[in-house]
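Enquirer: Here the protein sequences line up with chains R and G, keeping their order. Sequence positions in the first sequence follow my numbering and run 892 to 1161. Sequence positions in the second sequence follow my numbering and run 4 to 604.
Take these hints with a grain of salt, some might be off.
Below, a list of computed lysine-lysine pairs in the DSS-like style, where the Cα atoms sit at most 27 Å apart [stated by the list, open to error]:
1. G/Lys527 to G/Lys537
2. R/Lys957 to R/Lys1016
3. R/Lys1149 to G/Lys599
4. G/Lys34 to R/Lys1090
5. G/Lys489 to G/Lys559
6. R/Lys1005 to R/Lys1023
7. G/Lys596 to G/Lys577
8. G/Lys218 to G/Lys401
9. R/Lys1007 to G/Lys401
10. R/Lys1081 to G/Lys18
11. R/Lys1046 to R/Lys1145
12. G/Lys566 to G/Lys577
13. R/Lys1090 to G/Lys37
14. G/Lys18 to R/Lys1005
15. R/Lys1023 to R/Lys957
16. R/Lys1090 to G/Lys43
17. G/Lys553 to R/Lys1046
18. G/Lys280 to G/Lys311
19. R/Lys1149 to G/Lys596
20. G/Lys543 to G/Lys333
21. G/Lys401 to G/Lys449
22. G/Lys449 to G/Lys155
23. R/Lys1044 to G/Lys37
24. G/Lys536 to G/Lys577
25. R/Lys1145 to R/Lys902
26. G/Lys18 to G/Lys34
27. R/Lys1086 to G/Lys37
28. R/Lys1086 to G/Lys34
29. G/Lys566 to G/Lys333
30. R/Lys1005 to G/Lys401
31. G/Lys559 to G/Lys536
32. G/Lys577 to G/Lys599
33. R/Lys1046 to R/Lys1090
34. G/Lys37 to R/Lys1149
35. G/Lys449 to G/Lys338
36. G/Lys338 to G/Lys489
If you're looking for bench data, these hints aren't it; they were derived computationally from the structure.
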Amino acid sequence: MCRLSREKTIKTTTDIDSLRSEIRDKSVRVIDVRREEDYKQNHIPSSVNLPLANLLSDDSPERVQKLFQSLGIDDETPVVVYDDTFGALASRVAWTLEYIGHSDVSLLETTYSKWKSLGLEHETKTPEIQTKTHSLNLNPEILATSDYLEQSKEKPNTLLIDNRERLNYLEQHIPGAVNLPYRTLASSDKILRPKDDMKRLLENRGVTNNAEIITYCGSVGTLSGLAYYALKSVGLPNVKLYVRSFKEWKNLKKPTQKQEDASYWDLSAE
Amino acid sequence: MTVSDVKQTRTDSIKPKVNWARMEEAEDFAKTVKLFRQGKYDEDSFRRYRLQHGAYGTRMTSDYAMVRIKLPAGEVYPNQLEKISQLSEQFSIGSAHISTRENIQLHWVILEDVSEIFRGLAEVGLTSREACGNSVRNVMCSPLSGVCADEKFDSTPYALATAKFFLRNPIAQSLPRKFKFNFTCCEQHGMVRMVDVGLIPQLRESNGIKQRGFKIFLGGGLGNRSFVGHQLEEFTPEEDLLYTSLAVLRIFDRLGDRKNLARNRMRYLVNDMGWDKFQNLVLKERAIVRATQSVVTSLEIDDSSDIKRPIKITDQSGFSVPDGYARWLKTNTIKQKQSEYHSVFLTLEAGDITATQLVALAEIIREFSSEGKARTGFNQNIAIRYIHNDDLPNLYSKLLQAGLAKSGALTMTAPIGCSGTTSCNLALTNSHRLAKEIQRKFLEMKLDEDVDLQDSSIKISGCPNSCGQHGIATIGFFGGGGRVGKEMYPNYQMSLGGRSDGETMLGVTCTRVPAKRVIPVILKIIELFKQHKKSNDSLKEWIHRVVNEKEDSAIKSVNDIRKILDPLTIPPTKEDDPDFYSDYGTDTSYHTKTGKGECAA
């Protein structure tokens, strides 16, 4: 049993077939994090809508606790989250749920577009939701704050990963961060690379099991949320999300680093 | 208008003919990077290894590399473009860069990720092996080979066979220096005199039988010192093509200068030895090569072709030809010798194309090209060939949607700019951005529509080395630093009258032009030309007469042009014009800074 539950904690994605059978068994709560108008047009059967913007408008633990309760989620409800944004928005919602102490949450392995293009079932009706009770057991070990980053500066085993695009990273990043653009995390049809692929990529980069890893991106922890799950997917035990990310870092006027002496922007065709 | 055409199969099924890749090289590269980082591989050996696998160093940092993907004969297939698009988003800057030697480059790649790119490339049959370093570099072929009205026969299969023969061949793994082959279709469209080995297809008739062969030029090339190549003999029959190539490589390998990296390209050997002696040596060596091969050595020529017009059932009722079509048609397309087809060239900015555009391009090739693939060109551009004449308006509208329908690809308004300070260790100026600035300005002025300017060219290098090929431009520039007291500004040496066709010559030095004065100076030259031109004169011809002192108007020499330009090139004070003292793409004061180049590693 002990082993089983250990495995469960590193389950990061749910494959399409499993989700379909869980939906048939009514043993899962599916969250669609797209905008309300998109959700209303159609969505995965039985899914409930939580637009990311709604969550972000106030993501204090107490408020998100209420939010998830209103979506019919209690401590034991298995939750699967999906989006149409290569898993980044879904990741942010899933991480938030994890943060307030929910253990059984995962990402749909693919996007809604892909789901639809496969001809899988979808519906327009909104399910009736019975509010449930969820406890609040904060999981601080998956959160990094700017203060925490400052303290970690000197720690030899902490690895800070910037998940923005390469040009943004070259232009400005948190000192000491390495760059793993979010695009690197996906395969052509799934939001995350196959495990072996991801392992190889990270091993090449020297990412090891005993490192503490902190991910961040541009503003609200979506791209880096996806990276959080990418790292979890290969079983890395100690991953944190700097959820306020580079936007906060800059607002706080903390030091930044830049790749000097090259006009790399002019190589871009944008 | 309603066109309902039921045509042949979609060109999806057309797959690359050659698999250039070896997956195990990706694994080996990953291991070697780890060993290098652990200090178990010395700096020099690692650099050689890295370059041999096509990963070049990056400006002022050892953390990043540029991966140069080889496209032999420039051929690239839709699935390959899609893969390159994906790799550019994952591991590079979301754009790819098309080089002047038909490669596609991914810049600012983290060294540890290079092996992942190799892996992705191998999935679609591509390699970057021997794209850098002292090896046989990408074998080029004119993008019009096979469709050019002036060619004797299609040299593409010979270019591909040559590339195949030398790739990973032990004889080409440790040459004194890099070595380049260019095949062309005709005199006009290739660059056969500006390369180690340049080849133009020829036919000879003997006893009523037409025999294929080549006119071969040796020992040319652009660089810190440029030389024009020499023709080896009147006619080299096709069966001697490989023997000749081997003979030349063996001589270079044996006699090339391995010590003096700055002047060890084969052109220096030819120059030092004298052409007659070198020529003699090649002919003798060829006889030895021919006589001493223990097994029959020949090129595998595959000249099967796959021309199928894609199925298109186009209901064009309500389709109106978008604005700009006529201008684009005039400046971006060439009629093929196959009368129902055109070749279409895409206007890029200094060779840059986004990941999204690469995907769109792949789809456009599938939809419109009857050969189901594209070719990179000599001018940092891409040609889509075998476009049925009826499909041109439709193609244009698709290109427009993808942001790839800019006009001017085949005119002077599409300047070449090497990567310059955007990524290169040796660069002194941002030549890349300057090329873009000129293009934007000149397209705005509609200079691409001016027939008098059409066959002229502008080419810009960021340093005296000639990656931007300034030496063969009608108006060429290479970067350096200028100085007023303690202040520095980006400056270019300008040369005039270079060309790479049948009358190949290197440009003649005219004057130094500050970066921020390049555009007004070019416009002034155009103005002078318009004042003094003869009817039916082109800028290229006019400048050709001026540099050869055969012009009979008031402007008789490069010196006369320089005198007129002088007032334009005087530096203002920093107070009057601070912008003058910074290069394009930055607002900080200009200073020169370079690292170690790897062209000669």
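Enquirer: For every hint, state whether the structure bears it out.
Expert: Here's how the hints hold up against the structure:
no., hint, verdict
1, G/Lys527 to G/Lys537, "18 Å, holds"
2, R/Lys957 to R/Lys1016, "23 Å, holds"
3, R/Lys1149 to G/Lys599, "21 Å, holds"
4, G/Lys34 to R/Lys1090, "15 Å, holds"
5, G/Lys489 to G/Lys559, "37 Å, violated"
6, R/Lys1005 to R/Lys1023, "31 Å, violated"
7, G/Lys596 to G/Lys577, "21 Å, holds"
8, G/Lys218 to G/Lys401, "40 Å, violated"
9, R/Lys1007 to G/Lys401, "26 Å, holds"
10, R/Lys1081 to G/Lys18, "25 Å, holds"
11, R/Lys1046 to R/Lys1145, "18 Å, holds"
12, G/Lys566 to G/Lys577, "24 Å, holds"
13, R/Lys1090 to G/Lys37, "15 Å, holds"
14, G/Lys18 to R/Lys1005, "26 Å, holds"
15, R/Lys1023 to R/Lys957, "9 Å, holds"
16, R/Lys1090 to G/Lys43, "23 Å, holds"
17, G/Lys553 to R/Lys1046, "73 Å, violated"
18, G/Lys280 to G/Lys311, "49 Å, violated"
19, R/Lys1149 to G/Lys596, "17 Å, holds"
20, G/Lys543 to G/Lys333, "19 Å, holds"
21, G/Lys401 to G/Lys449, "22 Å, holds"
22, G/Lys449 to G/Lys155, "35 Å, violated"
23, R/Lys1044 to G/Lys37, "25 Å, holds"
24, G/Lys536 to G/Lys577, "38 Å, violated"
25, R/Lys1145 to R/Lys902, "35 Å, violated"
26, G/Lys18 to G/Lys34, "31 Å, violated"
27, R/Lys1086 to G/Lys37, "21 Å, holds"
28, R/Lys1086 to G/Lys34, "20 Å, holds"
29, G/Lys566 to G/Lys333, "35 Å, violated"
30, R/Lys1005 to G/Lys401, "25 Å, holds"
31, G/Lys559 to G/Lys536, "12 Å, holds"
32, G/Lys577 to G/Lys599, "31 Å, violated"
33, R/Lys1046 to R/Lys1090, "24 Å, holds"
34, G/Lys37 to R/Lys1149, "25 Å, holds"
35, G/Lys449 to G/Lys338, "23 Å, holds"
36, G/Lys338 to G/Lys489, "55 Å, violated"
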